[in-house]
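Asker: Keeping their order, the protein sequence lines are chains A and B. Just so we're aligned: 235 in this note's numbering is position 235 of the first sequence, and the numbers increase by one with no gaps anywhere. Just so we're aligned: 24 in this note's numbering is position 24 of the second sequence, and the numbers increase by one with no gaps anywhere.
Hint data in this document are derived by calculation from the structure and do not stem from the laboratory. From a predicted model like this one, the values you see are computed outputs, not experimental measurements. Fair warning: there could be bad hints in the mix.
Distance condition first, Cα-Cα at most 25 Å in a straight line; then the derived SDA-like pairs of lysine to any residue [claimed, not checked]:
| # | chain 1 | residue 1 | chain 2 | residue 2 |
| --- | --- | --- | --- | --- |
| 1 | A | K307 | B | K276 |
| 2 | A | K381 | B | A266 |
| 3 | B | K276 | A | Y353 |
| 4 | B | K387 | A | V386 |
| 5 | B | K276 | A | N383 |
| 6 | A | K307 | B | S313 |
| 7 | B | K376 | A | G343 |
| 8 | B | K307 | A | V386 |
| 9 | A | K306 | B | V386 |
| 10 | B | K276 | A | A266 |
| 11 | A | K387 | B | S313 |
Number of protein chains: 2
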Amino acid sequence: MVNERRLGIFVKESRQKFEEFLGQMVEVPSISMDSSRAGDMRRMAELARQYLVGMNAEVQVVETGGYPIVSGGWMAGPEYPTVTIYNHLDVQPAQEPEWKQDPFVFRNDRGMYHGRGATDDKGPALTAMFGARYAIEQGWPINIRFLWELEEEIGSPHFAAGLKDRTAVEQGWPINIRFLWELEEEIGSPHFAAGLKDRTAVSRPDSVVVSDTIWIAKGRPAVPYGLRGLLSARLILRTGENDAHSGVTGGAARNPVAELMEVANACVDARTGRVKIPGFYNDVVEPSTAEIKSFLKSGFDVGRFKKAYGFRSLRVQNPADVMRRIWASPTFEIHGLSGGYHGQGVKTVVPGYAELKISMRLVPGQVPEKVFALLKKHVAKVNPDVKVEKEGMLHPFKGSFEGPYVDCVKRAVQAGFGKAPAFVREGGSIGAVVTMQKAWKVPILFIGLSLPEHGYHAPNEYYDWGQASGGMKTFAQYFSELAKMGRA
Amino acid sequence: MVNERRLGIFVKESRQKFEEFLGQMVEVPSISMDSSRAGDMRRMAELARQYLVGMNAEVQVVETGGYPIVSGGWMAGPEYPTVTIYNHLDVQPAQEPEWKQDPFVFRNDRGMYHGRGATDDKGPALTAMFGARYAIEQGWPINIRFLWELEEEIGSPHFAAGLKDRTAVEQGWPINIRFLWELEEEIGSPHFAAGLKDRTAVSRPDSVVVSDTIWIAKGRPAVPYGLRGLLSARLILRTGENDAHSGVTGGAARNPVAELMEVANACVDARTGRVKIPGFYNDVVEPSTAEIKSFLKSGFDVGRFKKAYGFRSLRVQNPADVMRRIWASPTFEIHGLSGGYHGQGVKTVVPGYAELKISMRLVPGQVPEKVFALLKKHVAKVNPDVKVEKEGMLHPFKGSFEGPYVDCVKRAVQAGFGKAPAFVREGGSIGAVVTMQKAWKVPILFIGLSLPEHGYHAPNEYYDWGQASGGMKTFAQYFSELAKMGRA
Numbered sequence: 001m002v003n004e005r006r007l008g009i010f011v012k013e014s015r016q017k018f019e020e021f022l023g024q025m026v027e028v029p030s031i032s033m034d035s036s037r038a039g040d041m042r043r044m045a046e047l048a049r050q051y052l053v054g055m056n057a058e059v060q061v062v063e064t065g066g067y068p069i070v071s072g073g074w075m076a077g078p079e080y081p082t083v084t085i086y087n088h089l090d091v092q093p094a095q096e097p098e099w100k101q102d103p104f105v106f107r108n109d110r111g112m113y114h115g116r117g118a119t120d121d122k123g124p125a126l127t128a129m130f131g132a133r134y135a136i137e138q139g140w141p142i143n144i145r146f147l148w149e150l151e152e153e154i155g156s157p158h159f160a161a162g163l164k165d166r167t168a169v170e171q172g173w174p175i176n177i178r179f180l181w182e183l184e185e186e187i188g189s190p191h192f193a194a195g196l197k198d199r200t201a202v203s204r205p206d207s208v209v210v211s212d213t214i215w216i217a218k219g220r221p222a223v224p225y226g227l228r229g230l231l232s233a234r235l236i237l238r239t240g241e242n243d244a245h246s247g248v249t250g251g252a253a254r255n256p257v258a259e260l261m262e263v264a265n266a267c268v269d270a271r272t273g274r275v276k277i278p279g280f281y282n283d284v285v286e287p288s289t290a291e292i293k294s295f296l297k298s299g300f301d302v303g304r305f306k307k308a309y310g311f312r313s314l315r316v317q318n319p320a321d322v323m324r325r326i327w328a329s330p331t332f333e334i335h336g337l338s339g340g341y342h343g344q345g346v347k348t349v350v351p352g353y354a355e356l357k358i359s360m361r362l363v364p365g366q367v368p369e370k371v372f373a374l375l376k377k378h379v380a381k382v383n384p385d386v387k388v389e390k391e392g393m394l395h396p397f398k399g400s401f402e403g404p405y406v407d408c409v410k411r412a413v414q415a416g417f418g419k420a421p422a423f424v425r426e427g428g429s430i431g432a433v434v435t436m437q438k439a440w441k442v443p444i445l446f447i448g449l450s451l452p453e454h455g456y457h458a459p460n461e462y463y464d465w466g467q468a469s470g471g472m473k474t475f476a477q478y479f480s481e482l483a484k485m486g487r488a
Numbered sequence: 001m002v003n004e005r006r007l008g009i010f011v012k013e014s015r016q017k018f019e020e021f022l023g024q025m026v027e028v029p030s031i032s033m034d035s036s037r038a039g040d041m042r043r044m045a046e047l048a049r050q051y052l053v054g055m056n057a058e059v060q061v062v063e064t065g066g067y068p069i070v071s072g073g074w075m076a077g078p079e080y081p082t083v084t085i086y087n088h089l090d091v092q093p094a095q096e097p098e099w100k101q102d103p104f105v106f107r108n109d110r111g112m113y114h115g116r117g118a119t120d121d122k123g124p125a126l127t128a129m130f131g132a133r134y135a136i137e138q139g140w141p142i143n144i145r146f147l148w149e150l151e152e153e154i155g156s157p158h159f160a161a162g163l164k165d166r167t168a169v170e171q172g173w174p175i176n177i178r179f180l181w182e183l184e185e186e187i188g189s190p191h192f193a194a195g196l197k198d199r200t201a202v203s204r205p206d207s208v209v210v211s212d213t214i215w216i217a218k219g220r221p222a223v224p225y226g227l228r229g230l231l232s233a234r235l236i237l238r239t240g241e242n243d244a245h246s247g248v249t250g251g252a253a254r255n256p257v258a259e260l261m262e263v264a265n266a267c268v269d270a271r272t273g274r275v276k277i278p279g280f281y282n283d284v285v286e287p288s289t290a291e292i293k294s295f296l297k298s299g300f301d302v303g304r305f306k307k308a309y310g311f312r313s314l315r316v317q318n319p320a321d322v323m324r325r326i327w328a329s330p331t332f333e334i335h336g337l338s339g340g341y342h343g344q345g346v347k348t349v350v351p352g353y354a355e356l357k358i359s360m361r362l363v364p365g366q367v368p369e370k371v372f373a374l375l376k377k378h379v380a381k382v383n384p385d386v387k388v389e390k391e392g393m394l395h396p397f398k399g400s401f402e403g404p405y406v407d408c409v410k411r412a413v414q415a416g417f418g419k420a421p422a423f424v425r426e427g428g429s430i431g432a433v434v435t436m437q438k439a440w441k442v443p444i445l446f447i448g449l450s451l452p453e454h455g456y457h458a459p460n461e462y463y464d465w466g467q468a469s470g471g472m473k474t475f476a477q478y479f480s481e482l483a484k485m486g487r488a
């Protein structure tokens, strides 16, 4: 149903608008982790709403108790399949000293789109939206209503044309497309489930596409069918009201930084990454032989992986070991330690307070609630003065890499990028996925568009026109494939 | 020679000027550790110079290759004893979130002088200066020169008066008083030795008083006769160019924060403080029985110590153990860890870089250079990728707690505060002390004026009029005692 030439022209003609929209989005610092950004979060939701309204979609900003969800789309008719595209519009903080520019000033360097959130996940969100725009412009179901609304009082002069479009819809794009844009993904989606309870604004689709994952490499599309879960926490120790002078008090004073480091070392072997919390590995379901085979066919290359993320060395060298570790094994990571002195040089204080920032990636079989209990128990044994504060919990996810929807994804990616995708797992966590799975019990597919070098969660994040243009084509093709498949 | 009533009036009348000067000094953020403060460091030196010039002292701002030294005073004659009072005018950073006010806005709360540097060491520096001012105003040797300089061209109408003062000098205060104010104490005095090489500007005295130490408690004056040394360093590990996404790379990526924590744990037992670096304790000279006895007589109280520094608990409870640990045992302290994420919540990055800020307090017998070699060797064994960067080195110091100078100090403190001082060691390190000892080979005494609750190196630092007024009297008395003693 997709006319390749027409789609090519559409994509080319969309570039200016796409870049304008992405620039506007990047320049809203929608850092969900930073409570001082509440105003920017609202601005972000409003901007997203306007884009959809501008495309004649019906849109709602759904209140959740936290930051809202933006939900909207076009209904051709309940008899047609409905697909919901999930993206998130909140971003990571951008305080890293390595930034070469203001992270919230958009810079378009000949098709390289620089700025925090460009690839995670504003660029892919807009890419999917432009893919839908093509589908809508071809089938244009909403236009019928649009013409009615604006011309009824003047005698509906285009009603006949509308009917003609109706035919086009039925023959061309009998599909309902909806977007679901979250603003709390980077903080573990604490209010997403509450948002989904508004069944009017956020109706249950027949399938979901999540567009927030990363390829193996440029030219190596990857479609994950599983995600790791996440359990993040802060380990807190206060031993004094203030920082004290290490000459005047050192030796007798406890050092909470040192004590938390002892706890850290009791939780994880720093060099191998082996987690030392008793019972941690008990429920881990190892990847199957078929999965490992699929990993090995993915074209994953250790050298390219190291280069993309700027690693000087890795814990393991063998590609199979690396893939298993990043996609299918749980981790215990230490992200930083606050308290004491972090500035230039050395300030000789005995800190009064320290806070260890940790998280664990969990794999299928592991239950975050259960792992949290194991962590608490272990920390209490190592150092009973340390408080364990839960930050976020995301269950791991495992979908399928076979079936009709997967076939649609394969054909869409092939059409968009000229290459079939590899089926792998994703090492990251998207809390909303498990929530949608629980709420709707429908197939969830992944069409990610980011490249490793784009810098997810890293300084100097960017997105690029190559991924955006191929992505628009992929999404247009995917909508066409779903329309062809009809309702299951 | 001190007229108690006259001194009392002088002190009372000096209060306003003292508070004005201290306010000016505190409001110059002379943070030697912060390279962006170079301009403030110069302002601080100039302000100090002006105070001494205003008291008709001859003053020089001595270039050292780093921040300058301010050296100045009044010479009554080479036949009289010369005493040099050492203080430092640089301060610690003040970025702690616990500050209840702008640390560089002076706040005088009815004789409580709030602001960074108030007690460490600007307040004591000014206190000593006002003590000297009294001595000078009584004996006024410099006035003679001053009158000569200003009245020679008009026929020296006060020459006779000058001669009369000269008599006063000889009878009253035959002493040369000099101040030596450093601006690099908080960074380990890297250029102090170079400054002392200027023998014209910084001449060799017969004895030194260092005024930068802390009492046991309010009403419990303490005079230390020993200092711990210091060896500070940064342990650095870079494993990637950037922070990376812990979902996408975690498990395969090395974690430099975790690896440095492993190194930290291999260097020190976090709970007991026992240093694990092989050979670390080899050269430690344990305190003598006489010293331990002197410690026990000092009036040190564990509860008061905990309260003064805001500690919830200590590594040991017994007073003798606490005193031995803070005054006479070496330590390995971890001050903080930079790299990764320190903000609100948890940001799930795998850091590319981490830096551990550590220092060791060393005791008599230990040689910083030797201990640094032990540290480097040990770290290389634990993790060869970790770089060890030396920050500063200060040799420990041990003076005497007997002899004529010590007797002068005893009498001066008794006169100033109505109570004889305890003789203890100081757990902190003052690099300049060992440098002066090597350069001049003269007795070095300590008359400190700070209280534990004043918050050395801590947020909400302050100084108070009680210590300042008693301190002025103590210094005035001490100058009188030295004058009486004459040249050895």
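Asker: Does each hint fit the structure? Answer for all of them.
Answerer: Quick rundown of the hints versus the structure:
Our distance criterion of 25 Å between C-alpha atoms is broken by K307 of chain A and K276 of chain B, whose separation comes to about 37 Å. Taking the CA atoms of K381 of chain A and A266 of chain B, the gap is near 20 Å; set against the 25 Å cutoff, the hint holds. For the proposed pair K276 of chain B and Y353 of chain A, the alpha carbon gap of about 24 Å is at most 25 Å, so the pair holds. Distance check on the hinted pair: K387 of chain B and V386 of chain A sit about 30 Å apart at the alpha-carbon level, beyond 25 Å; violated.
For the hint pairing K276 of chain B with N383 of chain A, the CA-to-CA distance comes to about 20 Å; that is within 25 Å, so the pair holds. The suggested pairing of K307 of chain A with S313 of chain B is violated, with an alpha-carbon distance near 48 Å, which exceeds 25 Å. A distance of roughly 23 Å separates the Cα atoms of K376 of chain B and G343 of chain A; the hinted pair therefore holds under the 25 Å criterion. Distance check on the hinted pair: K307 of chain B and V386 of chain A sit about 21 Å apart at the alpha-carbon level, within 25 Å; holds.
Distance restraint check for K306 of chain A and V386 of chain B: the Cα-Cα separation of roughly 20 Å lies within the 25 Å cut-off, and the hinted pair is therefore satisfied. Distance restraint check for K276 of chain B and A266 of chain A: the Cα-Cα separation of roughly 17 Å lies within the 25 Å cut-off, and the hinted pair is therefore satisfied. Our distance criterion of 25 Å between C-alpha atoms is met by K387 of chain A and S313 of chain B, whose separation comes to about 16 Å.
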